[in-house]
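The task is simple: from the sequences and hints, build the whole structure.
Number of protein chains: 2
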Amino acid sequence: MSDIIQKAKFAREASYALAKLPGTVRDQELGKVAEAIWRHREAILEANARDLEAAEEMLRKGEITGAMIKRLELNPEKIRGIVEMVRGVASQEDPLGKTEYAMELDEGLELFRVSSPIGVIAVIFESRPDALVQIASLCLKSGNCVLLKGGSEARNTNQRLFEVIRDAADAVPGGWIHIVEARREVGEILKMDDYVDLIVPRGSNDFVRYIQSNTRIPVLGHADGVCHVYVDSEADVPMALDVCYDAKVQYPSVCNAVDAILVHEAVAPWFLPGMVDRFLRRGVEVRGDARVRGIVEEGVLEATDEDWGAEYLDYVVAIKVVDNVEEAINHVNKYGSHHTDAIVTSNEGTALGFLESVDSASVFWNASTRFADGYRYGLGSELGISTGKIHVRGPTGLEGLTTYKYYLRGGGHIVADYASGGSRQFTHRSLDREWKRKL
Amino acid sequence: MSDIIQKAKFAREASYALAKLPGTVRDQELGKVAEAIWRHREAILEANARDLEAAEEMLRKGEITGAMIKRLELNPEKIRGIVEMVRGVASQEDPLGKTEYAMELDEGLELFRVSSPIGVIAVIFESRPDALVQIASLCLKSGNCVLLKGGSEARNTNQRLFEVIRDAADAVPGGWIHIVEARREVGEILKMDDYVDLIVPRGSNDFVRYIQSNTRIPVLGHADGVCHVYVDSEADVPMALDVCYDAKVQYPSVCNAVDAILVHEAVAPWFLPGMVDRFLRRGVEVRGDARVRGIVEEGVLEATDEDWGAEYLDYVVAIKVVDNVEEAINHVNKYGSHHTDAIVTSNEGTALGFLESVDSASVFWNASTRFADGYRYGLGSELGISTGKIHVRGPTGLEGLTTYKYYLRGGGHIVADYASGGSRQFTHRSLDREWKRKL
Chain A
5 MSDIIQKAKF
15 AREASYALAK
25 LPGTVRDQEL
35 GKVAEAIWRH
45 REAILEANAR
55 DLEAAEEMLR
65 KGEITGAMIK
75 RLELNPEKIR
85 GIVEMVRGVA
95 SQEDPLGKTE
105 YAMELDEGLE
115 LFRVSSPIGV
125 IAVIFESRPD
135 ALVQIASLCL
145 KSGNCVLLKG
155 GSEARNTNQR
165 LFEVIRDAAD
175 AVPGGWIHIV
185 EARREVGEIL
195 KMDDYVDLIV
205 PRGSNDFVRY
215 IQSNTRIPVL
225 GHADGVCHVY
235 VDSEADVPMA
245 LDVCYDAKVQ
255 YPSVCNAVDA
265 ILVHEAVAPW
275 FLPGMVDRFL
285 RRGVEVRGDA
295 RVRGIVEEGV
305 LEATDEDWGA
315 EYLDYVVAIK
325 VVDNVEEAIN
335 HVNKYGSHHT
345 DAIVTSNEGT
355 ALGFLESVDS
365 ASVFWNASTR
375 FADGYRYGLG
385 SELGISTGKI
395 HVRGPTGLEG
405 LTTYKYYLRG
415 GGHIVADYAS
425 GGSRQFTHRS
435 LDREWKRKL
Chain B
5 MSDIIQKAKF
15 AREASYALAK
25 LPGTVRDQEL
35 GKVAEAIWRH
45 REAILEANAR
55 DLEAAEEMLR
65 KGEITGAMIK
75 RLELNPEKIR
85 GIVEMVRGVA
95 SQEDPLGKTE
105 YAMELDEGLE
115 LFRVSSPIGV
125 IAVIFESRPD
135 ALVQIASLCL
145 KSGNCVLLKG
155 GSEARNTNQR
165 LFEVIRDAAD
175 AVPGGWIHIV
185 EARREVGEIL
195 KMDDYVDLIV
205 PRGSNDFVRY
215 IQSNTRIPVL
225 GHADGVCHVY
235 VDSEADVPMA
245 LDVCYDAKVQ
255 YPSVCNAVDA
265 ILVHEAVAPW
275 FLPGMVDRFL
285 RRGVEVRGDA
295 RVRGIVEEGV
305 LEATDEDWGA
315 EYLDYVVAIK
325 VVDNVEEAIN
335 HVNKYGSHHT
345 DAIVTSNEGT
355 ALGFLESVDS
365 ASVFWNASTR
375 FADGYRYGLG
385 SELGISTGKI
395 HVRGPTGLEG
405 LTTYKYYLRG
415 GGHIVADYAS
425 GGSRQFTHRS
435 LDREWKRKL
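In order, the protein sequence lines correspond to chains A and B.
Going by our numbering, the first residue of the first sequence is number 5, and it counts up by one from there.
Going by our numbering, the first residue of the second sequence is number 5, and it counts up by one from there.
Since the hints were made in silico from the structure, they are not lab data.
Certain hints may be false.
The list makes no distinction among identical chains, and a pair is therefore deemed to hold if it is satisfied within one copy or across any two copies.
List time: in silico DMTMM-like cross-link candidates among lysine to aspartate or glutamate, alpha-carbon distance up to 25 Å [as the list claims (entries may be wrong)]:
{"id": "1", "residue 1": "Lys74", "residue 2": "Asp318"}
{"id": "2", "residue 1": "Lys13", "residue 2": "Glu310"}
{"id": "3", "residue 1": "Lys82", "residue 2": "Glu46"}
{"id": "4", "residue 1": "Lys24", "residue 2": "Glu104"}
What you are looking at is a predicted structure, and each value in this text was computed from that prediction instead of being measured.
See the structure below:
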């Protein structure tokens, strides 16, 4: 049996024991993890230095970018941030054991729906070493076992962080955490639907689509962030300028940055000159359709069909003039990626129509698309942003790592008594009571 | 463009308009559907008679069973039941527009998470014609568009029911409901991840697995119902006899009937003789392991390895003696299908350990597995029972057909103000307020 199947089987077995571990113990173990990371910071930095050395060599060969090295690099300050993140996860509310539904089916026959861990999660993540710690912490907090596959550039750092976490959390059932080293092992994970309950790929769009196409295991991952701002005829123009500017330039390389701005024709002559001017002064490349270029002649490149639906992740923005809000809604639903889209308007009816008709996880009224984020939403540490509609949608924290179970407690109740001609009837009375584990 | 892609595109467009239809209108349209089905009952019965005629011919050729004909057959009484079912769906609470999370991010910047339709659902279902009406009603109630593919044996009945529903619900955006006729069109649906948000296959295990393996679209469907009852050393023996008997014989051809009974060795000599006797007198085939056959010598066939994990859907049961509750838990997690499993015991600690460690959607204490059902759970009309852990688990009604959206209402808020050195800070104050659509 291959090494990875062994690990996954081991994780599956550990998942049954981990599901019973009380929240207080999970939090105490997270505390030990935080403490151990700080205590072993020299060894972690030493492993990181080896990764950086190899990365510098790759940079010289042009195989990676300087930005990637910056993401890979750890220092004591970054390690302090990681430790605080782990403590933050520990301090969040326990996502497990919450009674979501409680119903008396009949006298002495009580049903409880209780939040539970999913089981075994496989996470494939980018090269930032803090990602490993964040994912491991979220999984432990939510009672899940985890298979971790990080970027190969961070191999030494990830291995050391993994060992520190595994050794520190010694009251957690052994086998709850594994590291997956070889890229070919990802292909094996995709086949293990008996042992893996959920795959979370964090990576390029093509990679996420590849995973979705090649496994029966459910996949939680977002594939694109093509975001729009629609500036309505009744928009406050200075507000629209600020929102669009922030949505583009505050941090352009992320999924919730705006890609295309749609402008109502009635406001275009008042909005476009100022907007284009601000963008150009900030070094943003502006691509406009013919109607945009009819209003602002200088500095606006020609937008092509490829611009609608493009995710730039850079200082580039496409702008289009539309006849009305319906055209804007249709454009967003056709070309968007159902991630985050915004309307700027002072008309409440127009805003509500946009919010209800735009088929996206997050739809904003008079606010920048950049607010779409688990921390900003008050959801705690973010696992990812889902553009799928099943299970979880939008910014996702611990909730994405939980499911539920139905517990039914009876006194020997049988269904025959409730069949036609039977002696009993269902009461279906909501219970105002939590499922409580006896201490 | 093929006919089925046209239908799916049409459904996708209709889904944006349907998402805005108020619950009162959806309920009123369901009322019109119920009324129309009753008014057109003669035409529906006439179409059903044509299907039955073809089915009788297939029965003579041995291509289908008498039980299938019985399921296919409609009569005025069954139609009355269907009409009542539609009215029942209409009377359920509106699953849409519920505020699940409300948070002030900052003064004047308010986030609401609101339950929403998923969009376009494709449902592939069995030959019972009431299934079409039930699925269409659940989809309309939850604001979803639907592609319906029924069994070919019910083709004429389904076509007539589809026309009655489509024509009756004339205030619903056109294109919300489509019927898919050819089996080959199912293959096309699997590729349409741009137009279809969720596939619900109701059929054989192999069929559900085939769907899961051949699409990127999320699949909601259960693949097996391999259910266990564990009779603990501290079980009340008469109660255990009643629960096991009910779980097997009350209706053996369904997914929540028990397949294997596990008996603690300490109680086996008191439990097994009576249990086997009751089963044999009712015509149940009993297959036991060596230890069972050591206690009850007559009438018990030899269980083979294939019996553990088998779903019988018939008057057959496997019985095994185990050393302790741990062995029972491990057996259930290894051979079960994570559907429904029960423990009979008077020891609360043993029961809670079993409930928490058994990795199944429904885990029962002193009650028959046959209670696992959306109606019995008080969830309303049942779409299916999910043995997956993602999105929905266990008996699933309208909740399986909804997702949510995040609405953020601001006053021109931008993220730059909250970045380091910015002028503002998040308040993250829970709001005790619903998202309200202006009337």
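A quick look at each hint next to the structure:
{"no.": "1", "hint": "Lys74 - Asp318", "in the structure": "within (17 Å within a copy, 63 Å between copies)"}
{"no.": "2", "hint": "Lys13 - Glu310", "in the structure": "between (46 Å within a copy, 21 Å between copies)"}
{"no.": "3", "hint": "Lys82 - Glu46", "in the structure": "within (13 Å within a copy, 74 Å between copies)"}
{"no.": "4", "hint": "Lys24 - Glu104", "in the structure": "within (18 Å within a copy, 28 Å between copies)"}
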